[in-house]
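Visitor: Let the hints inform the model, and build the full structure from the sequences given.
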Amino acid sequence: QVSAALKEGRVTPTELCQQCLSLIKSTKFLNAYITIAEETALKQAEASEERYKRGQPLGVLDGIPIAVKDNFNTAGIETTCASNMLRGYISPYNATVVQKLLDQGAVLLGKTNLDEFAMGSGSTDGVFGPVRNPWSYSRQYKENSVPKSHSEDKESNWVITGGSSGGSAAAVSSFTCFAALGSDTGGSTRNPAAHCGVVGLKPTYGLISRHGLIPLVNSMDVPGILTRCVDDAAVVLGSLAGHDPKDSTTIQDNFKPFELPNLTDVSKLSIGIPKEYHAPGLSGEILALWSKAADLFRNAGAKVVEVSLPHTRYSIVCYHVLCTAEVASNMARFDGLEYGHRSEMNESTESMYAATRREGFNDVVRGRILSGNYFLLKQNYEKYFVKAQKVRRLIANDFVKVFRSGVDVLLTPTTLTDAAPYREFIKEDNRTRSAQNDILTQAANMAGLPAINVPTALSERGLPVGLQFIGRSFQEQQLLTVAKWFEKQVRFPMIQLEEVKKHDRDVFQHEKSASFS
Amino acid sequence: MAARGCAGAWRRGWQRGRALPGPAPAPFPRGQRAVACNARGGAVPAGESGDLAPWVPVVGLEIHAQISSNSKLFSGSQVQFAAPPNSLVSFFDASLPGTLPVLNRRCVEAAVMTGLALNCSINKKSLFDRKHYFYADLPAGYQITQQRVPIAVNGSLSYSLCIDNKMSQMVTKTVRIKQIQLEQDSGKSLHDDTRSQTLVDLNRAGVGLMEVVMEPDMCCGEEAAAAVRELQLILQTLGSSQAVMAEGQLRVDANVSVHHPGEPYGVRTEVKNINSIRFLAKAVDYEIQRQIEELENGGTILNETRAFDSKLGCTVPMRDKEGKQDYRFMPEPNLPPLILYDAKSLPANMNHQQVINIDWIHERLPDLPSVKREKLVEQYGILPEHSFALLNEDGLAEFYENVVKQTQMKPKRVIGWVLNDLLSYLKQHSLTVKESPVSSFLLADLLNLLEKKEISSTAAKQVLAELWKGEGKTPLEIVKEQKLQLLQDQEELEQICQAVIDRQENE
Chain A
1 QVSAALKEGR VTPTELCQQC LSLIKSTKFL NAYITIAEET ALKQAEASEE
51 RYKRGQPLGV LDGIPIAVKD NFNTAGIETT CASNMLRGYI SPYNATVVQK
101 LLDQGAVLLG KTNLDEFAMG SGSTDGVFGP VRNPWSYSRQ YKENSVPKSH
151 SEDKESNWVI TGGSSGGSAA AVSSFTCFAA LGSDTGGSTR NPAAHCGVVG
201 LKPTYGLISR HGLIPLVNSM DVPGILTRCV DDAAVVLGSL AGHDPKDSTT
251 IQDNFKPFEL PNLTDVSKLS IGIPKEYHAP GLSGEILALW SKAADLFRNA
301 GAKVVEVSLP HTRYSIVCYH VLCTAEVASN MARFDGLEYG HRSEMNESTE
351 SMYAATRREG FNDVVRGRIL SGNYFLLKQN YEKYFVKAQK VRRLIANDFV
401 KVFRSGVDVL LTPTTLTDAA PYREFIKEDN RTRSAQNDIL TQAANMAGLP
451 AINVPTALSE RGLPVGLQFI GRSFQEQQLL TVAKWFEKQV RFPMIQLEEV
501 KKHDRDVFQH EKSASFS
Chain B
1 MAARGCAGAW RRGWQRGRAL PGPAPAPFPR GQRAVACNAR GGAVPAGESG
51 DLAPWVPVVG LEIHAQISSN SKLFSGSQVQ FAAPPNSLVS FFDASLPGTL
101 PVLNRRCVEA AVMTGLALNC SINKKSLFDR KHYFYADLPA GYQITQQRVP
151 IAVNGSLSYS LCIDNKMSQM VTKTVRIKQI QLEQDSGKSL HDDTRSQTLV
201 DLNRAGVGLM EVVMEPDMCC GEEAAAAVRE LQLILQTLGS SQAVMAEGQL
251 RVDANVSVHH PGEPYGVRTE VKNINSIRFL AKAVDYEIQR QIEELENGGT
301 ILNETRAFDS KLGCTVPMRD KEGKQDYRFM PEPNLPPLIL YDAKSLPANM
351 NHQQVINIDW IHERLPDLPS VKREKLVEQY GILPEHSFAL LNEDGLAEFY
401 ENVVKQTQMK PKRVIGWVLN DLLSYLKQHS LTVKESPVSS FLLADLLNLL
451 EKKEISSTAA KQVLAELWKG EGKTPLEIVK EQKLQLLQDQ EELEQICQAV
501 IDRQENE
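Note that the protein sequences, when read in sequence, are chains A and B.
Numbered continuously in UniProt numbering, the first sequence closes out at residue 517.
Numbered continuously in UniProt numbering, the second sequence closes out at residue 507.
Heads up, some of the hints might be wrong.
Stated by the list, open to error - As a list, the in silico DSS-like pairs of lysine-lysine whose alpha-carbon atoms are at most 27 Å apart:
{"#": "1", "chain 1": "B", "residue 1": "Lys125", "chain 2": "A", "residue 2": "Lys387"}
{"#": "2", "chain 1": "B", "residue 1": "Lys124", "chain 2": "A", "residue 2": "Lys387"}
{"#": "3", "chain 1": "B", "residue 1": "Lys131", "chain 2": "A", "residue 2": "Lys390"}
{"#": "4", "chain 1": "A", "residue 1": "Lys383", "chain 2": "B", "residue 2": "Lys324"}
{"#": "5", "chain 1": "B", "residue 1": "Lys124", "chain 2": "A", "residue 2": "Lys246"}
{"#": "6", "chain 1": "B", "residue 1": "Lys131", "chain 2": "A", "residue 2": "Lys387"}
{"#": "7", "chain 1": "B", "residue 1": "Lys178", "chain 2": "A", "residue 2": "Lys378"}
{"#": "8", "chain 1": "A", "residue 1": "Lys383", "chain 2": "B", "residue 2": "Lys131"}
{"#": "9", "chain 1": "A", "residue 1": "Lys378", "chain 2": "B", "residue 2": "Lys324"}
{"#": "10", "chain 1": "B", "residue 1": "Lys272", "chain 2": "A", "residue 2": "Lys378"}
{"#": "11", "chain 1": "B", "residue 1": "Lys124", "chain 2": "A", "residue 2": "Lys390"}
{"#": "12", "chain 1": "B", "residue 1": "Lys125", "chain 2": "A", "residue 2": "Lys390"}
{"#": "13", "chain 1": "A", "residue 1": "Lys246", "chain 2": "B", "residue 2": "Lys125"}
{"#": "14", "chain 1": "A", "residue 1": "Lys378", "chain 2": "B", "residue 2": "Lys125"}
{"#": "15", "chain 1": "B", "residue 1": "Lys131", "chain 2": "A", "residue 2": "Lys378"}
{"#": "16", "chain 1": "A", "residue 1": "Lys246", "chain 2": "B", "residue 2": "Lys131"}
Hints listed in this document are in silico derivations from the structure and should not be mistaken for laboratory results.
Guide: Given below as structure tokens:
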């Protein structure tokens, strides 16, 4: 809608940009942004305005303010990965996905906060502090959450965004941008999307270029897309997907951007409900919501079947081995020699390396490097790494079998519970939390499949809950079509934030904004 | 099991009481070479210590050849020798976060050509791996190589040796090629001890290398040197590597061990830092001798890495590499398996530009040195030793053929002039064939005079000596100047003889 507004001249790119920048300032307490590229964003907005005046916009994304997770390289703009290791690192090049968005005329507002090097499921472990879920300040949450005691400080009750792309999710959720890039390795886009009530798309591995995305696990990472509705996600996907000669893991086939049809008849659809996703710790609320969703499809005429993905429960342990091994390898380049933090220690090259890495990385990163190196030792390689690769193949085959049996799309919960309060979340360490929270999202990364979180309803506490659809490899069109239909049915409420209300609401209206929970 | 191809065995080369002096051993005296590498077999009796058991030296080689290509193995930055420091470094070479490797087609072709020339099986599917270690000249903290499945395996290289240092007898030996793998070169680090710092130049980081692994089928420095020389010629003929050792385009590490016949292989050492073929032979021979000394003195050989000190002519332990490293090999996740095709497996509608067809490359391989040599022997009736020498010097074979074309002298006679006279002049003055002041045209001219019996053989040599001055005179001019013509006229001859006799009588 905002794109149409730009085209018709109801609002100009610079106005839009300024409003977003202003909103970012007034929502600073969310800590969603690490760097705000105010000057360059305004310049981009001006350039966009010129194009609209001439009647020659570059496309739907021309003039649209976007935000990018701080593990994507952005030329001339600090790229930190929320780590001391890259504090002050000004990247000399744009990640391919960033370049594509800029080429379409998008306005880059800034870089969003995350867990350090994307390791975490809460966006709480970066050096710039945790990200706060905008819904913590929503009327819906405030009205429905019961404070423990009257004297309790309202401030300490805020909930996490989920992670690791929490900054991007919060930015989209709080209306400071219209779309954001995240990354997804074990659920890092879908998890915060669910907690922040936005659409989070994980594309098929190999569809979108990873060139310029600072890697966590090269064989599982994908750039993720966060938007406020499924149609927007399809638009962004259309501008990003396709072969990149700079990334040898992207597919060669030509990608054709698509428009999502307005599905009315779901009777030809087969929805699979994997029973293993009824995981331990799944809240009763979400279980009920999942069930309700299945009924929704069934009542509309779709075929809804229970399926089995028997190796689901091994995915976390398998992920732990493969992820830490790749992390140990990918982090080996951070030695302070060519770029990034370099320690003052200069007795010898080795001592400089050691000190640099100790000072530059947080405990989470160092812990994973240690584990990874252990698994890669010659004597352990077969026992752990190779075995994990074999288990990975089994997990992927589970999906192949299910899709082959006629199922089009799988329907699962995205998270076990709604967003936890920060003070509860930090009671357990990063590793434990990751193991708990990744269980429903991780397997899709193992298998390289596309998956999307669609915000479904509010929990009893007034916080968003989303459901996940997992599709067949490279069948994003089908996946998003189903997701869009579902989105239309559930009519997820709009967040009621003070700060947003103060700004010009018209611009941020969505079709379905009329329905509140 | 005795090393293949070497039937000789070693014995201590010196007499009792003359041990190697002090901590810095003197270079191995040439005259007392105990080399007993001979094809006729049998141990060569040595010094006075007659009842020592013979030793069998075993030498294997790991050779890194820089691929001759415009850009690096995984990035687009240029490949160039001696460029200003850090001027040929792309983002990927500097391991900037977020950069990814993209395989260079030319490098793969070079490896396939080399594999085919060395009679290897080309693996239609090969894989890339990461080899991890921390070092200043390795920006990513790992090297991309092919550890699990390299691009080519199980080949062989035939090379020739002269027996007894004479050119009279040549013997052909074979060394098995274990594999050829593609990998990245590292940068260069220069240690500045005065300022306690290390300077790192990443120009070389990421340049494509072919690592050629030769099985331990060799038994002495001479064999190792001959094998490497032949490999060098092959690579230069193919154009897959310029293989100039002085420019670091060909680097050789030798694995050396000794054992008694019938016993298992001994502990091996790795000798690095060898900068020329000549030094390779020296280093290997020295190390063999050192090990024999050590073991006969009751010591043990450490599985260590040693450097060759060319000034002292000996190997010394390297201080940087201690103990065994665990390289934590891991598949390279950013590079899919490398798939090569042949005529049979090539998909019908595949664009020829997008794939590599092994058979297509095979059809276009140039004649290898061994084939060229045979052709020369066949065509010109020269000896194998002759054609070996012709190919051993850059441009010499071409020179010879040009002379043969331009002269009536039989090729069998021409060869002597080219190999004995021309070549020795060049060697004496450290000139290459290209730099020769005597062109093939001039030499042919001279040889024609000789052939037509207008001058004698001795006179011809004199003319050649004059031609070397490069003053632009033709052979005919020199002959006239120095009055070197052979006299054909009977009467004239009689007159001269009579004059000489008369003079004698008068004295």
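Visitor: Honestly, which of those hints from before does the structure not fit?
Guide: No hint contradicted; all consistent.
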